[in-house]
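Each chain, written out:
There are 2 protein chains.
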Amino acid sequence: MTNKLNLKLISTPGLSSDRLEYGVAVRLAESEVSKILKAAPLPIRRQMQHLAQATGKGIRAQALLACSMESDGLVGCQAINAAASIELLHLATLIHDDIIDNADMRRGIDALHVKFGEKTAVLCGDYLFCFAFELASTLVLQEMSKGETAGVLPSYFTAICLGEIREFNNIGNFALTENEYLRIISGKTAALFQASFHIGFLLSDEPPENEDIYVEIGRQLGMVFQLADDCLDYISSEKKAKKPVLSDCRCGVITLPLIYALQVDKSLRGKMLNGISEKEIKSAVLATGGIEYTQSKIREFRAEAKKLISSLENKKKRIRLEILLDKAATVVVSL
Amino acid sequence: MTNKLNLKLISTPGLSSDRLEYGVAVRLAESEVSKILKAAPLPIRRQMQHLAQATGKGIRAQALLACSMESDGLVGCQAINAAASIELLHLATLIHDDIIDNADMRRGIDALHVKFGEKTAVLCGDYLFCFAFELASTLVLQEMSKGETAGVLPSYFTAICLGEIREFNNIGNFALTENEYLRIISGKTAALFQASFHIGFLLSDEPPENEDIYVEIGRQLGMVFQLADDCLDYISSEKKAKKPVLSDCRCGVITLPLIYALQVDKSLRGKMLNGISEKEIKSAVLATGGIEYTQSKIREFRAEAKKLISSLENKKKRIRLEILLDKAATVVVSL
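Here the protein sequences line up with chains A and B, keeping their order.
Sequential numbering of the first sequence, starting at 26, is according to this note's numbering.
Sequential numbering of the second sequence, starting at 26, is according to this note's numbering.
Hints are computed from structural coordinates only; laboratory data are not their basis.
Careful, some of the hints might be misleading.
Since the list gives no way to pick one copy over another, a pair counts as held whenever it fits inside one copy or between any two copies.
To be verified - Derived BS3-like pairs: lysine-lysine, alpha-carbon spacing no greater than 30 Å straight-line: (1) Lys82 <-> Lys144; (2) Lys63 <-> Lys144; (3) Lys144 <-> Lys304; (4) Lys331 <-> Lys352; (5) Lys144 <-> Lys296; (6) Lys340 <-> Lys63.
Given the sequences, and given the hints that come with them, work out the whole structure.
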């Protein structure tokens with residue numbers, strides 16, 4: 026691991042061997058993402074600066090940082106670069122997603138392809154993706170027995186791509202089953218949470234035998250997050266969600282609330298094929314209990330995650346992970 | 026490096042510790058690419074099988090394999106996976122390129138976005154990209170002192186993306202200078218050859234101090250390859266090139282033959298702004314000596330590469346690399 030690229034990290038200012046409080050690490054990771062975007066190479070700087078205006082809630086970065094926490098509750102400096110890398114990878118997938126989904130807004134501002142065109146957006150996504158992988162490849166693990174982080178990311182990313190492709194292939198498929206849907210989102214969304222948890226674990230002082238527990242908590246939390254987001258699309262206002270609502274059904278993306286509604290109300294499929302308004306679809310989802318059903322699923326995944334979190338020894342870490350789990354399930358909490 | 030993913034490689038059938046003749050390794054790498062594409066996960070299989078119909082000349086794989094050759098002229102088995110990975114990464118960039126360039130054909134068959142739509146093509150490119158990175162991350166180096174391969178790839182890929190973005194930003198820019206153009210192609214094309222040479226070197230038994238020589242030969246060979254391809258666009262027939270000819274100028278991509286023609290024939294820029302046919306542009310490029318000028322540049326890069334190759338100790342390797350250099354410059358040879 027005397028890889029040339031690693032030397033970069035060691036010489037990066039601010040990344041000494043000091044360890045930090047969790048809250049400080051979260052703020053540093055946020056500002057690292059923003060700094061990287063604002064200082065992008067010239068040919069791409071305008072686009073990256075546009076993205077820097079709205080950098081998201083950073084729940085994946087927080088998950089990684091919380092998992093990397095050591096027994097004394099502090100976070101190693103390398104985790105900041107790792108967390109920034111995860112957020113940039115997430116951003117890269119969002120850019121391509123918005124092209125695929127014809128989404129106009131993202132995080133309260135114009136989607137990149139709306140402002141700069143689809144072709145530029147494809148290239149910007151590719152660039153961010155490579156840059157984030159490059160950043161991740163600079164990580165040096167203290168405990169080599171756990172393996173190395175750079176090799177961990179790609180397999181989660183093939184899972185994410187397959188999830189995206191499965192989602193796209195099922196646009197307008199009113200016969201999509203709950204199981205097929207859960208498979209889609211376990212790739213599309215949960216795999217990135219798994220990656221965050223996995224890398225956080227690899228950077229921590231947790232014993233190697235805890236690896237699978239971390240990856241599994243990541244999966245459960247990711248499922249909670251996506252299902253809560255699915256509900257949000259039906260019940261939130263545009264202002265609150267900072268992105269278009271009812272966009273899933275408008276784009277033909279079938280999510281769990283609608284899958285349930287289609288099962289309960291057998292006339293709905295025919296109505297949708299003949300063309301009904303988004304408002305009417307929303308009413309059907311609400312009337313059939315699609316939201317409540319999805320919330321019951323969220324509770325199941327959440328209970329699983331809670332159980333696994335409670336098995337961890339580090340109390341400070343347990344508290345952080347439970348807060349994140351609550352955040353992921355915000356919709357259920359706020360109802 | 027006890028990375029979980031590495032275990033995969035060790036257990037892959039056919040990838041024992043045996044070493045192979047170069048020619049056998051080339052054929053195995055080719056068939057590995059084809060096998061991977063044909064056995065792609067179901068949601069993406071049709072698209073990957075379409076790509077498997079025409080898998081290219083494999084010059085980047087051959088470069089990697091030649092560089093990985095050991096003192097006895099044999100190639101280690103791991104180099105086959107590395108070579109397949111490089112070809113898949115190349116394929117991923119081609120898929121996105123063809124979207125950006127509105128190219129209809131690739132390697133004699135329909136471009137992926139023409140057959141399956143732009144959105145699917147974006148996702149297929151992303152998938153192949155991640156898959157190739159995953160494959161590369163399974164490589165285990167014998168000599169750890171040289172560093173590790175997985176971390177080497179991403180930095181070349183940010184360079185490739187930046188080259189693509191620079192090219193796209195300069196579409197229709199008749200004021201593009203030769204230096205700016207060489208900078209574009211040193212990213213867009215040469216960086217992937219550098220990556221092939223670099224990884225081949227890392228897998229070989231060459232001494233660590235030869236690292237820079239390999240990366241530099243890769244760069245020169247990449248420049249030769251792109252400039253020869255630029256000439257091909259003006260002087261080849263569609264049948265011979267297996268892709269549309271005169272496509273660069275049709276898409277507003279300014280390459281060296283045209284940059285030179287615009288410098289020599291001062292009236293050309295005005296004519297192009299007013300709109301002249303591709304045939305007329307071709308005539309101007311030929312009349313001003315744009316092809317000969319580009320060929321003189323090819324000769325310069327080629328001479329540099331030859332000098333560096335001749336400094337290598339391994340005779341069998343020198344011969345292979347010279348053959349590849351000749352291949353890269355095919356256009357000059359055939360004129």
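| request: Could you tell me which of the hints above the structure violates, numbers in ascending order? | output: Failing hint: just 6.
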